[in-house]
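Work out the full structure: start from the sequences and follow the hints.
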Amino acid sequence: MPRTGSKSHGLLDQSLVFVTGKGGVGKSSVTAALGLLSSKAGKRTLICEVDAKGDVARLLDCEPSGFEPVQMRENLWRMAMNTEEALREYLRIYLRLPVVTKLGPLARTFDFVANAAPGVHEILVVGKLCYEVREAKWDLILVDATSTGHIVSQLASPKGISELVRLGMVKDQVAWMEDILYDEMQTSVIVVATPAESPINEALELAERIDVETSVHLGALVVNKVMPELFSRSEEEFFLAMQDPKSCKILEKVVSSDVGILMKGSNSALEMRRCAAPHVERLIASAGGTPIALLPLMFRVGSGMRLVRDLSEALSAEWDELL
Amino acid sequence: MTGLGELLEESKIIIVAGAGGVGKTTIAAALGLAAADLAGKKVLVITVDPARRLADALGLSGLSSKGSRVSPSDLEKAVGHKVEGGLYVAMLDAKSSWDELVNRHAPDVATRQKIFANPIYKNISSRFVQSHDYIAMETLYEIYRSNQYDLIVVDTPPSRHAIDFLDAPSKMADFFSSRLLKWLTIPARNRLLMGMFKPFYQVADKILGAQFLSDVAEFFLLFESMYAGFVERAKSVAGILGNAATSFVVVASPEPVPMTEAEYFASALETRHLHLGQMVINRALPQYFRDPAAILLANKIQDRYETLAKEFLQKGSSLAFVKGNKSSPARLEALAERVLLEVADSFLNFSGVAMEEGEEISKLPVDDELVTMVPHLNFDVSDLNSLGKVAGYIAWNGEAPTM
Numbered sequence: 005m006p007r008t009g010s011k012s013h014g015l016l017d018q019s020l021v022f023v024t025g026k027g028g029v030g031k032s033s034v035t036a037a038l039g040l041l042s043s044k045a046g047k048r049t050l051i052c053e054v055d056a057k058g059d060v061a062r063l064l065d066c067e068p069s070g071f072e073p074v075q076m077r078e079n080l081w082r083m084a085m086n087t088e089e090a091l092r093e094y095l096r097i098y099l100r101l102p103v104v105t106k107l108g109p110l111a112r113t114f115d116f117v118a119n120a121a122p123g124v125h126e127i128l129v130v131g132k133l134c135y136e137v138r139e140a141k142w143d144l145i146l147v148d149a150t151s152t153g154h155i156v157s158q159l160a161s162p163k164g165i166s167e168l169v170r171l172g173m174v175k176d177q178v179a180w181m182e183d184i185l186y187d188e189m190q191t192s193v194i195v196v197a198t199p200a201e202s203p204i205n206e207a208l209e210l211a212e213r214i215d216v217e218t219s220v221h222l223g224a225l226v227v228n229k230v231m232p233e234l235f236s237r238s239e240e241e242f243f244l245a246m247q248d249p250k251s252c253k254i255l256e257k258v259v260s261s262d263v264g265i266l267m268k269g270s271n272s273a274l275e276m277r278r279c280a281a282p283h284v285e286r287l288i289a290s291a292g293g294t295p296i297a298l299l300p301l302m303f304r305v306g307s308g309m310r311l312v313r314d315l316s317e318a319l320s321a322e323w324d325e326l327l
Numbered sequence: 003m004t005g006l007g008e009l010l011e012e013s014k015i016i017i018v019a020g021a022g023g024v025g026k027t028t029i030a031a032a033l034g035l036a037a038a039d040l041a042g043k044k045v046l047v048i049t050v051d052p053a054r055r056l057a058d059a060l061g062l063s064g065l066s067s068k069g070s071r072v073s074p075s076d077l078e079k080a081v082g083h084k085v086e087g088g089l090y091v092a093m094l095d096a097k098s099s100w101d102e103l104v105n106r107h108a109p110d111v112a113t114r115q116k117i118f119a120n121p122i123y124k125n126i127s128s129r130f131v132q133s134h135d136y137i138a139m140e141t142l143y144e145i146y147r148s149n150q151y152d153l154i155v156v157d158t159p160p161s162r163h164a165i166d167f168l169d170a171p172s173k174m175a176d177f178f179s180s181r182l183l184k185w186l187t188i189p190a191r192n193r194l195l196m197g198m199f200k201p202f203y204q205v206a207d208k209i210l211g212a213q214f215l216s217d218v219a220e221f222f223l224l225f226e227s228m229y230a231g232f233v234e235r236a237k238s239v240a241g242i243l244g245n246a247a248t249s250f251v252v253v254a255s256p257e258p259v260p261m262t263e264a265e266y267f268a269s270a271l272e273t274r275h276l277h278l279g280q281m282v283i284n285r286a287l288p289q290y291f292r293d294p295a296a297i298l299l300a301n302k303i304q305d306r307y308e309t310l311a312k313e314f315l316q317k318g319s320s321l322a323f324v325k326g327n328k329s330s331p332a333r334l335e336a337l338a339e340r341v342l343l344e345v346a347d348s349f350l351n352f353s354g355v356a357m358e359e360g361e362e363i364s365k366l367p368v369d370d371e372l373v374t375m376v377p378h379l380n381f382d383v384s385d386l387n388s389l390g391k392v393a394g395y396i397a398w399n400g401e402a403p404t405m
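Heads up: the sequence lines are chains A and B, in that order. Residues in the first sequence are numbered from 5 upward in steps of one, following our numbering. Residues in the second sequence are numbered from 3 upward in steps of one, following our numbering.
Honestly, the hints are just simulated from the structure, not real lab data. Wrong hints could be hidden among the right ones.
To be verified - Derived pair list, reagent style DSBU-like, types lysine-lysine, alpha-carbon separation capped at 30 Å:
id: 1; chain 1: B; residue 1: K391; chain 2: B; residue 2: K79
id: 2; chain 1: A; residue 1: K268; chain 2: B; residue 2: K317
id: 3; chain 1: A; residue 1: K268; chain 2: B; residue 2: K325
id: 4; chain 1: A; residue 1: K268; chain 2: B; residue 2: K391
id: 5; chain 1: B; residue 1: K68; chain 2: B; residue 2: K116
id: 6; chain 1: B; residue 1: K312; chain 2: A; residue 2: K253
id: 7; chain 1: B; residue 1: K317; chain 2: A; residue 2: K250
id: 8; chain 1: A; residue 1: K250; chain 2: B; residue 2: K328
id: 9; chain 1: B; residue 1: K79; chain 2: B; residue 2: K44
id: 10; chain 1: A; residue 1: K250; chain 2: B; residue 2: K325
id: 11; chain 1: B; residue 1: K97; chain 2: A; residue 2: K175
id: 12; chain 1: A; residue 1: K57; chain 2: B; residue 2: K173
id: 13; chain 1: A; residue 1: K257; chain 2: B; residue 2: K325
id: 14; chain 1: B; residue 1: K312; chain 2: A; residue 2: K257
id: 15; chain 1: A; residue 1: K268; chain 2: B; residue 2: K365
id: 16; chain 1: B; residue 1: K116; chain 2: A; residue 2: K163
id: 17; chain 1: A; residue 1: K250; chain 2: B; residue 2: K312
id: 18; chain 1: B; residue 1: K302; chain 2: A; residue 2: K229
As the list claims (entries may be wrong) - Here are some chain A residues the structure puts well away from chain B; computed CB gaps all over 10 Å:
id: 19; residue: K47
id: 20; residue: D183
id: 21; residue: Y186
id: 22; residue: V216
id: 23; residue: G293
id: 24; residue: T294
id: 25; residue: M309
id: 26; residue: E317
id: 27; residue: D324
id: 28; residue: L327
A virtual CB, placed ideally from N, CA and C, is assigned to each residue, including glycine.
So, in structure tokens, the structure goes:
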């Protein structure tokens, strides 16, 4: 069976891809970049924002929208997860209840119960996503998922719910959800980090927890905002030697200006990279066979769309084989 | 001393809030260290999930919801002088805090044991993430009342919105006093009423199964016996937020999303008449990246790097590293060109980001004296030494004479 990551069945050939990571690492921009790549490859792609703050829409220069999928560009749709609406839909589809609006109090109660037993809330999220996969309306669903703290309970919710709910329809439906979620040909998780201590730690811990606590396939790791290498070795030697006071004086004469601040800037950039490098290496060393993409720090952000386009180019360069 | 330095003197409780990934835990720990050192206070820092190396440095490797003291000699080594106060750290343990709550409020041993055995309770206490906000506050309240510390610094749990923390006690009170709760517990209480709600139960049974519903009902019934004490408690817990000696420190990194979140939080504090002590902008690029003369020079080099490199090599032909370079003149020239261009490019890259950051910061609708900047640091804050440096920025804006 071809594994994810091989050319014959790449990440974008799957049906359901969760993108997660610590807060602030750029989950939404990586999701949007993958969405752009996949839609450009001609796949009908749905991006679902789970903790919807509308970041994906903003990145793609669109207005935030709701639960119903809204088309953003050719082959690319977006929806915001809403557990209450997911529940309404569920009741409508499975109970065939004619007047769903009359279920208002029930929905509220359900929401209330869902708060008490987190598995219920999460099964609605996962259930809706799996339902969309089963209905085959999309080629790919990309999930801008919750951050590292909550994703495992989401992915493990079918398991959790079958422990809590020992009877009932929900219990019966867990089985087909698991078939989708735990099939590595269909579903995987991408964990995003930035090259700093705690994002990398969280990514590694999450990778481990996904493996131990769920049966979902870890598709790839992404290190976002990697400082580009400033100099080659010979260039760095030259640069460092240039900072000698005598040399600096000559340079200042040549450019007829003080060069102190510029030197400070480059030294600072070198330091930043030096500080980040061990974290990237640590991730690579612990990743086992999981593919890794390093995405460069994008300096001039400007519009969201430009960032997404730059990121998608960087992604496809890194993962030519994988996507 | 900065406004934060004063805040450390005056506050008894400091709550550190902000979006995920902005460095809340580091700032909270640094605030604690600064208060122990500069204000000579006995300080407790309550944190949720510190990065592993920082946790190790703080002696938090074993999970401890009771405060444990950071070794005074380690502290002394880290800051270079004897620290007058004491630094204690505790890690939030939601499960055992819930258990303590139940122990405190359960009317009898039997109820307590039933609660502990209830599957819904087990789920709430260990996995119900929203409950961490409440538990953090509950823990804070309990420690505050014990009067063991001069200052308690709370690192708020990561949540979808920083604001959730403020609403946690009232949400928790609502949760246990809701009318819906009474619905759920009807079957166990009243067979007659049960008839009225039968359609509801039929649907719920079909979806969730009777066992689950009865677990839920049992849970709420059990909690009902603790209800009065629990809601009272949630109110008192909420009360300490408005305490005159309680301040909020809002942390953001200078990017649009965290800054918006911080602004939103600050305005929420205002509407609730809570005290915004200080805003900390963490990891801002150094000011010099916005220096106009340097930007001008970088542009000039970008335009004329070829000529400038040639001139530099000519005028600097006697420099050891030029003279000693074994490459051909053409290759040496190309090398010098690339270095000059890279220096200029990289400077302009960073100054672009620094400008955007500056714009974000200037948009903040907060007085300047309420803003403390902690620059982007070229080291991981993973030991007491580096934490001391952050503490220096916090208390003195980086101009600490001793720290």
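Structure-based check of all given hints:
1. The suggested pairing of B/K391 with B/K79 holds, with an alpha-carbon distance near 13 Å, which does not exceed 30 Å.
2. For the suggested pair A/K268 and B/K317, the alpha carbons sit about 23 Å apart, so the restraint of at most 30 Å is met.
3. Restraint check for A/K268 and B/K325: the C-alpha separation of about 25 Å stays at or below 30 Å, so the hint holds.
4. Of the supplied pair hints, the one linking A/K268 and B/K391 holds, its CA atoms being roughly 20 Å apart against a limit of 30 Å.
5. For the suggested pair B/K68 and B/K116, the alpha carbons sit about 26 Å apart, so the restraint of at most 30 Å is met.
6. The hinted pair formed by B/K312 and A/K253 meets the criterion: a straight-line CA distance of about 16 Å does not exceed 30 Å.
7. Among the hinted pairs, B/K317 with A/K250 is consistent with the structure: their alpha-carbon atoms are about 11 Å apart, no more than 30 Å.
8. A threshold of 30 Å between alpha carbons decides the hint, and for A/K250 with B/K328 the separation of about 21 Å falls inside it, so the pair holds.
9. Taking the CA atoms of B/K79 and B/K44, the gap is about 18 Å. The hint holds against a cut of 30 Å.
10. At roughly 14 Å between alpha-carbon atoms, A/K250 and B/K325 fall within 30 Å of each other, so this suggested pair holds.
11. Taking the CA atoms of B/K97 and A/K175, the gap is about 27 Å. The hint holds against a cut of 30 Å.
12. Proximity of A/K57 to B/K173 is assessed by CA-CA distance (about 21 Å); at most 30 Å being required, the pair is judged to hold.
13. Straight-line distance between C-alpha atoms of A/K257 and B/K325 comes to about 19 Å, which keeps the hinted pair within the 30 Å bound.
14. Between the alpha carbons of B/K312 and A/K257 the distance comes to roughly 13 Å, so the proposed pair stays at or under 30 Å and holds.
15. With a C-alpha separation of about 28 Å, the suggested pair A/K268 and B/K365 falls inside the 30 Å cut-off, and the hint holds.
16. A distance of roughly 24 Å separates the Cα atoms of B/K116 and A/K163; the hinted pair therefore holds under the 30 Å criterion.
17. The hinted pair formed by A/K250 and B/K312 meets the criterion: a straight-line CA distance of about 17 Å does not exceed 30 Å.
18. The straight-line distance between the Cα atoms of B/K302 and A/K229 is roughly 28 Å, inside the 30 Å bound, and the hint therefore holds.
19. A/K47, annotated as away from the interface, keeps every beta carbon of chain B farther than 10 Å; the closest lies near 28 Å.
20. With 10 Å as the threshold on Cβ separation, the claim that A/D183 sits away from chain B holds: the shortest Cβ distance comes to roughly 20 Å.
21. Against chain B, the non-interface label of A/Y186 holds: every CB pair exceeds 10 Å, the least being about 20 Å.
22. At roughly 16 Å, the least C-beta separation between A/V216 and chain B is larger than 10 Å, which holds for a residue marked as non-interface.
23. No Cβ of chain B comes within 10 Å of the Cβ of A/G293; the nearest lies about 24 Å off, and the non-interface call holds.
24. At the 10 Å boundary, the C-beta of A/T294 stays outside the reach of chain B, the nearest C-beta of that chain being 21 Å off.
25. The Cβ of A/M309 lies farther than 10 Å from every Cβ of chain B, with a closest approach of about 15 Å, so its non-interface assignment holds.
26. Distance check on A/E317: its Cβ is at least 17 Å (rounded) from any Cβ of chain B, clearing the 10 Å threshold; non-interface status holds.
27. Consistency note on A/D324: stated as away from chain B, and its beta-carbon is indeed over 10 Å from all of that chain's, at 26 Å minimum.
28. Interface exclusion of A/L327 from chain B stands, the closest Cβ pair being 26 Å apart, more than 10 Å.
Taken one by one, the earlier hints all hold for this structure without exception.
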